[in-house]
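Asker: In case you want the letters, here they are:
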Amino acid sequence: METVNIIGAGLAGLSAAHTFAKNKIRSRLISLQPSERAQSVMAEGGINAALNTMGEGDSTFEHFEDTMRGGAFLADPKAAEVLTEHAPEIVTELFKMGTPFAMKGDSIIQRNFGGQKKKRTAFAKSSTGKVIMTALIDEVRKYEAEGYVERLDHHEALEPVLADDMCIGVYVRDTFAGEAVFCRGPVITACGGLNGLFEGMTTGSSANSGDFTAACFALGVNAANLEMIQYHPTTVVVPGKRMLVSEAARCEGGRLFIKRKGDPWFFMDELYPDMGNLAPRDVISKTMTEVVAADDTGDQVYLDLTELPRGTWNKKLSDMRDEIKEYLGIDPAKEPVPVTPGIHFFMGGILVDKDHRTSVKGLYAAGECACQYHGANRLGGNSMLAAVYGGKVAADSLIRDAVYYKEVSECQAVPEAPEIRCGFSRELSEILGQGMGIVRSGEGLERALKHIDELKDECNIREKRRLYLAEAMLLSALKREETRGAQVRSDFPAKDDARFKKTTVAVFRNGKTEIDFKEIGQI
Amino acid sequence: MKISVLRKKIGEKGRWQIFEYEPKEPGETVASALNNINRTNPGERIIWDCGCLQKKCGACAMVINDRPTLACAVKLADIKGGLRLEALRKFPIIEDLMVDRTVLRENLLNAREWLEEEAVMNEKKQELLYEASRCLQCGCCLEVCPQFMPGDKFFGTAAAVPMIRLINCSKGDEKKRLRKEYYRHVYSGCGKSLSCRNICPAGIDVDRLLVSR
Ligand SMILES: Cc1cc2nc3c(=O)[nH]c(=O)nc-3n(C[C@H](O)[C@H](O)[C@H](O)COP(=O)(O)OP(=O)(O)OC[C@H]3O[C@@H](n4cnc5c(N)ncnc54)[C@H](O)[C@@H]3O)c2cc1C
Ligand code: SF4
Ligand code: SF4
Ligand code: FES
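Read top to bottom, the protein sequences are chains A and B. First residue of the first sequence? That's 1 in this note's numbering, and the numbers climb one at a time after it. First residue of the second sequence? That's 1 in this note's numbering, and the numbers climb one at a time after it.
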């Protein structure tokens, strides 16, 4: 089989490379930065699997149900089912690679996480992503030595190369030397979320520009559910970015409050007695906007962690405490932390079927760049799981599909890759931030679309593609005339299953974006 | 505040460029200052590398006022006088503040740092394995190490930390093999100068880890 190109060396890319190598198939692991720098190392709170180690009678079916409910029934149930069924196997495999999850005796212990009633999240303090990545990097190194994985760090994938409606390779530029080359072979993209569209406004890595996804989209690869952007309820503004205060804080007992007539009002406890501060993220973020807007309340929500026992701080949250102290100058064990919702995760992305095929033959997508598993709202702890599992499934189906190539004789000149201008990026981010806030309206979205139109004139090719993707995002939110999960419309406050229990599919054709609502699971 | 940056290209000695910088918000770091400077001087962008902006990815390591550290870890408010920023000197320069740290990965590959067998895990080891999983591969410890030279057989602390994870979750012959690599590439070459102590921006307590090998 041809050498496969994998774009991105985070959890999804590593998992795909690992799967190919175990099947004795060679892959090129192409990434802007080495794995140690991928956003996956930033993941904090944990990874979900119904291992049932806490004597609560947990089951993969309950994990499936929580995932579907948490995603407001927009996820593909067939995909969510296999994901949750395989979760125990995935986490066990990571454990056997030497991932130091918290343990009691020889067994993993698990913590509560938002939107799930049972303790299902394996963790290592709040640095779970880092320790999983370390183990997986070491594991993949074994296959690098055997020649099955070739690493192209400091290489940027510019765009997929499509011929006869098929992906035959990818253009890749060495960012150190500046030269670009054509890498032939099928492609799995695992290039992460769309942080670049929201510069300085996300909790994730600034290196995930979203430009490869934008290039795919502009070249005719379909995207899905782009309007579904997760606002994490507890983030703080630090210079240049948003910083996450992990959900682990609330899982260990943290509570949100706002001042009402001078006294703290623990609104989640009161308004959602069932899940309280562990309600799904979309619910909490929306509630936070509502309580801030109320007449008799203050305008700042706080996360109160002052009641947490000292043992919890030392054993489970010491790293988080240090981080908050360092960047905010507040000791969270002593003072409540002022928090606001911030952009944290992209449920939408490249449209894939349950086997991670995109709409273009020979091109697959996995991890945060793909739209799969999370529906309208992702549960904490499900995305690392989805990245590892998705990378594996994509690799497996690529092997099964046995994509063969006609001899590719010559390849077109390698395309230009101009940089994004700083001013442009800022402007676009501002427009999107306003249009795609927690609460959206038809009017606001139309206005944002108009602004985007005005930006189009003097753009270079990279900027244009970002604009197309941004436009598709706004149009998706505009056309989905309902409120569901992360899509909250002030002008359509109700859910509309009849029209919209469907996947929003964005297609770019002849310079224009079309939005279509398809049955879930279809591509 | 005065920020001097050593602008440099491959094969050049480099020249210092001085920026007069006014912090825009409280809590600004060197990383946010670099981003802001680049925003206002788009024609002369300073080349540097970053990702997480919160000390988690190791991308932004550089020498700041003669000390290797992460640009996102240094707050402007803590700096008295000016700032001098230059690239890490132990690694080949790419441009300005960006270097090629590929040798870090190559060293771990040469030392065959992986497990062939299932990891041996238990509660007692968890804390140690956690600590040894945290290395950012930023290279700051190598920058100050008098013994480390890229291409040499001594690999330094950046290799020692991941090695300790593997030694501690392996057993039998595999453990022996990993210990041997450790001896060859770290222990035997370390001059115990302790220059690398208190440098690690991730705060990894190397001494504590070393006890466990
Ligand atoms: C602060 C934070 C905390 C989180 N906590 C959790 C948690 O507790 N549990 C959980 O399940 N999830 C969590 N997440 C989400 C989770 O970390 C990510 O969704 C997941 O790691 C994504 O993995 P990935 O492999 O898809 O992409 P990433 O890890 O983002 O990797 C993307 C890769 O693509 C490369 N790349 C990008 N563009 C290009 C290009 N054009 N060419 C070449 N390479 C490119 C990058 O260099 C990188 O290697 C958290 C996220 C953040 C930001
Ligand atoms: S103790 Fe000295 S010689 Fe040994 S690794 Fe540290 S700096 Fe290098
Ligand atoms: S040990 Fe510390 S200083 Fe050295 S590479 Fe790792 S994180 Fe960086
Ligand atoms: S940008 Fe990641 S450590 Fe500084």
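Please keep in mind that the hints were generated in silico from the structure rather than gathered at the bench. Just to be clear, a hint being listed does not mean it is correct.
Claimed, not checked - On the chain B side, residues computed to face chain A include the following (Cβ under 8 Å): (1) 1; (2) 4; (3) 21; (4) 37; (5) 53; (6) 113; (7) 172; (8) 206.
Where a beta carbon is used, it is the ideal one built from N, C-alpha and C, also for glycine.
Asker: Decide, hint by hint, whether the structure agrees.
Answerer: Checked hints:
1. The beta carbon of residue 1/B comes no nearer than 14 Å to any beta carbon in chain A, farther than 8 Å, and the hint placing it at the interface is violated.
2. Of the supplied interface hints, the one on residue 4/B is violated, with its beta-carbon coming no nearer than about 21 Å to a beta-carbon of chain A, more than 8 Å.
3. Restraint check, residue 21/B versus chain A: the minimum CB separation of about 13 Å is more than 8 Å; hint violated.
4. Proximity of residue 37/B to chain A is violated relative to the hint, the smallest CB-CB distance being about 11 Å (cut-off 8 Å).
5. Taking 8 Å as the C-beta cut-off, the interface hint given for residue 53/B holds, the closest approach to chain A being about 5 Å.
6. With a cut of 8 Å, the hint placing residue 113/B at the interface with chain A holds, because the nearest CB-to-CB distance is about 6 Å.
7. Hint status for residue 172/B relative to chain A: violated, with the closest Cβ pair at about 15 Å, above 8 Å.
8. The criterion of a C-beta within 8 Å of any C-beta in chain A is not met by residue 206/B, whose closest approach is roughly 16 Å, and the hint is violated.
Hint compliance for this structure: hints 1, 2, 3, 4, 7 and 8 are not met, and every other hint is.
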